[in-house]
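Residue numbers (the numbering used here), protein chains in the order written: chain A, 1 to 219; chain B, 1 to 219.
Rather than coming from a laboratory, the hints here were simulated on the basis of the structure.
Please note that the accuracy of each hint is not assured.
Said to hold, decoys possible - Straight-line alpha carbon distances no greater than 27 Å define the calculated DSS-like cross-link-like pairs of lysine-lysine that follow:
hint : chain 1 : residue 1 : chain 2 : residue 2
1    : B       : K131      : A       : K36
2    : A       : K108      : A       : K131
3    : B       : K51       : B       : K36
4    : A       : K36       : B       : K36
5    : A       : K74       : A       : K36
6    : B       : K108      : B       : K140
7    : A       : K108      : A       : K74
8    : A       : K51       : B       : K131
9    : B       : K108      : B       : K131
10   : A       : K51       : A       : K74
11   : B       : K74       : B       : K131
12   : A       : K51       : B       : K36
Said to hold, decoys possible - Here are the computed distance ranges between Cβ atoms for each label pair:
hint : chain 1 : residue 1 : chain 2 : residue 2 : range
13   : A       : F59       : B       : P134      : 38 to 44 Å
14   : B       : D46       : A       : T32       : 29 to 35 Å
15   : A       : Q31       : B       : D46       : 41 to 47 Å
No experiment lies behind these values; they were computed from the predicted model shown.
Yeah, the Cβ is synthetic: ideal placement off N, Cα and C, and Gly gets one too.
2 protein chains.
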Amino acid sequence: MPPRSKIPRPTVKRLSLYLRELESHIERDQQTISSKQLGTALGLTDAQVRKDLAYFGQFGHPGIGYRVQELTNKLRHILGTDHRWNAAVVGAGNIGRAVMPYARFARKGFDIVAIFDDNPSVIGTEIAGHKVRPMRDLPKLVRERDIKIGIVAVPASFAQQVTDELIRAGVLGILNFAPVRLDVHDAVSVASVDFSLSLEQLAFQISLGMTGPLEELSP
Amino acid sequence: MPPRSKIPRPTVKRLSLYLRELESHIERDQQTISSKQLGTALGLTDAQVRKDLAYFGQFGHPGIGYRVQELTNKLRHILGTDHRWNAAVVGAGNIGRAVMPYARFARKGFDIVAIFDDNPSVIGTEIAGHKVRPMRDLPKLVRERDIKIGIVAVPASFAQQVTDELIRAGVLGILNFAPVRLDVHDAVSVASVDFSLSLEQLAFQISLGMTGPLEELSP
Chain A
1 MPPRSKIPRP
11 TVKRLSLYLR
21 ELESHIERDQ
31 QTISSKQLGT
41 ALGLTDAQVR
51 KDLAYFGQFG
61 HPGIGYRVQE
71 LTNKLRHILG
81 TDHRWNAAVV
91 GAGNIGRAVM
101 PYARFARKGF
111 DIVAIFDDNP
121 SVIGTEIAGH
131 KVRPMRDLPK
141 LVRERDIKIG
151 IVAVPASFAQ
161 QVTDELIRAG
171 VLGILNFAPV
181 RLDVHDAVSV
191 ASVDFSLSLE
201 QLAFQISLGM
211 TGPLEELSP
Chain B
1 MPPRSKIPRP
11 TVKRLSLYLR
21 ELESHIERDQ
31 QTISSKQLGT
41 ALGLTDAQVR
51 KDLAYFGQFG
61 HPGIGYRVQE
71 LTNKLRHILG
81 TDHRWNAAVV
91 GAGNIGRAVM
101 PYARFARKGF
111 DIVAIFDDNP
121 SVIGTEIAGH
131 KVRPMRDLPK
141 LVRERDIKIG
151 IVAVPASFAQ
161 QVTDELIRAG
171 VLGILNFAPV
181 RLDVHDAVSV
191 ASVDFSLSLE
201 QLAFQISLGM
211 TGPLEELSP
C-alpha cells in the first residue's frame with residue numbers, strides 16, 4: 001500500500017460504495033465483476049474504478065475482472081470492517097441519547113461501550129443500558145475497554161475541549177456531531193456529521209423533479 | 001434540461017461538491033475555472049466534470065472554461081438553493097429535539113416551522129420556540145405554512161405511517177432519520193440519514209492511517 005498521504009480522500013469515500021456493490025453481487029451469487037460493471041453501477045468510469053482499487057494492490061485478473069469474494073475480503077481487511085470497534089459517546093444530550101441505542105452501529109461492527117457527561121444531573125443515570133460517567137473517568141475507561149472511537153455529541157462551545165481530552169486518552173478517531181471544525185493536530189482521524197448536507201441533497205432532488213427513494217446518502 | 005430520469009444519481013450527489021468548490025473560488029476572487037481544476041479539487045476526471053454539468057446546459061466557454069459566478073448562479077437556481085424551504089419535524093424524541101434548533105439548516109435555506117407528535121405528554125410543550133402539535137393538525141399546517149419537506153424522526157415502526165400522512169398532506173420531500181426503507185410510490189423525493197455510514201468512513205480512515213480533519217462527509 002502506498003503512503004496514506006497518496007490516497008485521495010474521494011477514493012476513500014468511494015470504498016464504501018464499492019464494498020456495498022460487491023456485497024450485493026455476493027447475495028446474487030455472482031462470482032466475478034469487471035471494473036466496467038462496478039463503474040456503471042456507481043456512475044464512475046471503469047478507469048476511475050481501476051485507479052481507485054489500484055491504490056490498495058493488484059486485485060484484477062486478466063480476462064476475468066475481479067473475483068467478487070476475494071476483492072470483498074481484501075477491501076474489508078484493508079478497511080478494518082472485518083473486526084469490531086469500541087466507541088464512547090461524550091455528551092448525554094439529545095444527540096448522545098439518539099445515537100446510544102442506534103442499532104445500525106452494532107450491525108456495522110461498532111459497539112458503544114460508554115457514555116460521558118459532566119452535568120451532575122445526568123451522571124449516574126442510565127442510557128441504553130450504560131451509566132453516564134463523569135469526564136474524569138474517561139482516560140481509565142478508554143484504556144480498560146479498548147475504546148478506539150470518540151463520538152462528540154456536546155454543544156459546539158465544548159467540542160474542542162472534549163476532543164482534546166479524547167485524544168489525550170488515546171482514541172484513534174473522532175466522530176463529530178458538533179457544528180464546528182475540530183483541530184486535532186493530525187493526531188487522530190475525524191469525520192463530521194452535518195444533517196444539513198442531507199437536507200440540501202433532498203432539496204436538489206425536489207428541484208430536479210426526482211422522486212422515489214435515493215439510496216442512503218453515502219460518501 | 002433532460003428528463004429527470006436521465007440524470008444519474010451520482011451526478012446529483014456531486015452537485016453539492018461542485019457548488020462548494022465554486023463558492024470557495026468566489027471567496028478567493030477567482031473569475032474562471034476549468035473542468036480540469038474542478039476535477040482535480042474533487043478527485044474526478046475533467047471528462048466526468050464536463051459530463052455532469054452538461055446535463056444541465058452548456059456552461060463552458062471555449063478557451064476560458066467556466067465563469068465561476070455564472071456557473072454558481074445557474075447551479076444554485078437549478079438546485080433550488082436560491083430560495084428558502086419550509087420544513088416540519090414529525091417526532092419530538094431525541095432526534096427531533098436535536099434537529100429543531102440545528103442552526104446549519106437555516107444557513108442553508110431551510111426553516112423548520114412546525115413539530116408534530118401524537119404523544120399526549122409532549123403535545124403542547126415547546127421545543128426551540130415551536131409548540132408540539134398533534135398529527136391531526138398536519139394537513140392544515142402543511143397547507144397554511146407552505147411546508148415542502150417533512151423530517152421523519154419517529155421510531156422505525158411508525159415511520160411508514162407518518163410518511164404516508166406527510167405525502168397525503170402534500171409535502172414534496174422526506175428527510176428520513178428512521179432506520180427503515182420508506183415506500184413513497186414515487187410520489188415524493190426521499191433522502192435518508194444513516195450515522196453508521198459516517199462511522200464506517202471514520203473506521204476506514206483509521207485503518208488507512210489517515211489523520212486530520214476530513215472535509216464534512218458529503219455525498
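Now the hints, each set against the structure:
For the proposed pair K131(B) and K36(A), the alpha carbon gap of about 53 Å is over 27 Å, so the pair is violated. Taken as a hint, the K108(A) and K131(A) pair is honoured in the structure, with Cα atoms around 23 Å apart against an allowance of 27 Å. The straight-line distance between the Cα atoms of K51(B) and K36(B) is roughly 12 Å, inside the 27 Å bound, and the hint therefore holds. Under the criterion of a C-alpha separation no larger than 27 Å, the hint pairing K36(A) with K36(B) is consistent with the structure, at around 23 Å.
The suggested pairing of K74(A) with K36(A) holds, with an alpha-carbon distance near 20 Å, which does not exceed 27 Å. Under the criterion of a C-alpha separation no larger than 27 Å, the hint pairing K108(B) with K140(B) is consistent with the structure, at around 26 Å. For the suggested pair K108(A) and K74(A), the alpha carbons sit about 17 Å apart, so the restraint of at most 27 Å is met. Proximity of K51(A) to K131(B) is assessed by CA-CA distance (about 53 Å); at most 27 Å being required, the pair is judged violated.
Proximity of K108(B) to K131(B) is assessed by CA-CA distance (about 23 Å); at most 27 Å being required, the pair is judged to hold. Note on K51(A) and K74(A): the hinted pairing holds, with a Cα-Cα distance of about 16 Å set against a maximum of 27 Å. Simply put, K74(B) and K131(B) have alpha-carbon atoms about 38 Å apart, too far for the 27 Å limit, and the pair is violated. With a C-alpha separation of about 17 Å, the suggested pair K51(A) and K36(B) falls inside the 27 Å cut-off, and the hint holds.
Taking 38 to 44 Å as the suggested C-beta distance range, the pair F59(A) and P134(B) does not conform, at roughly 56 Å. D46(B) and T32(A) have their C-beta atoms about 31 Å apart, which keeps the hinted 29 to 35 Å range intact. Distance hint for Q31(A) and D46(B): a CB-CB separation of about 35 Å, inconsistent with the stated range 41 to 47 Å.
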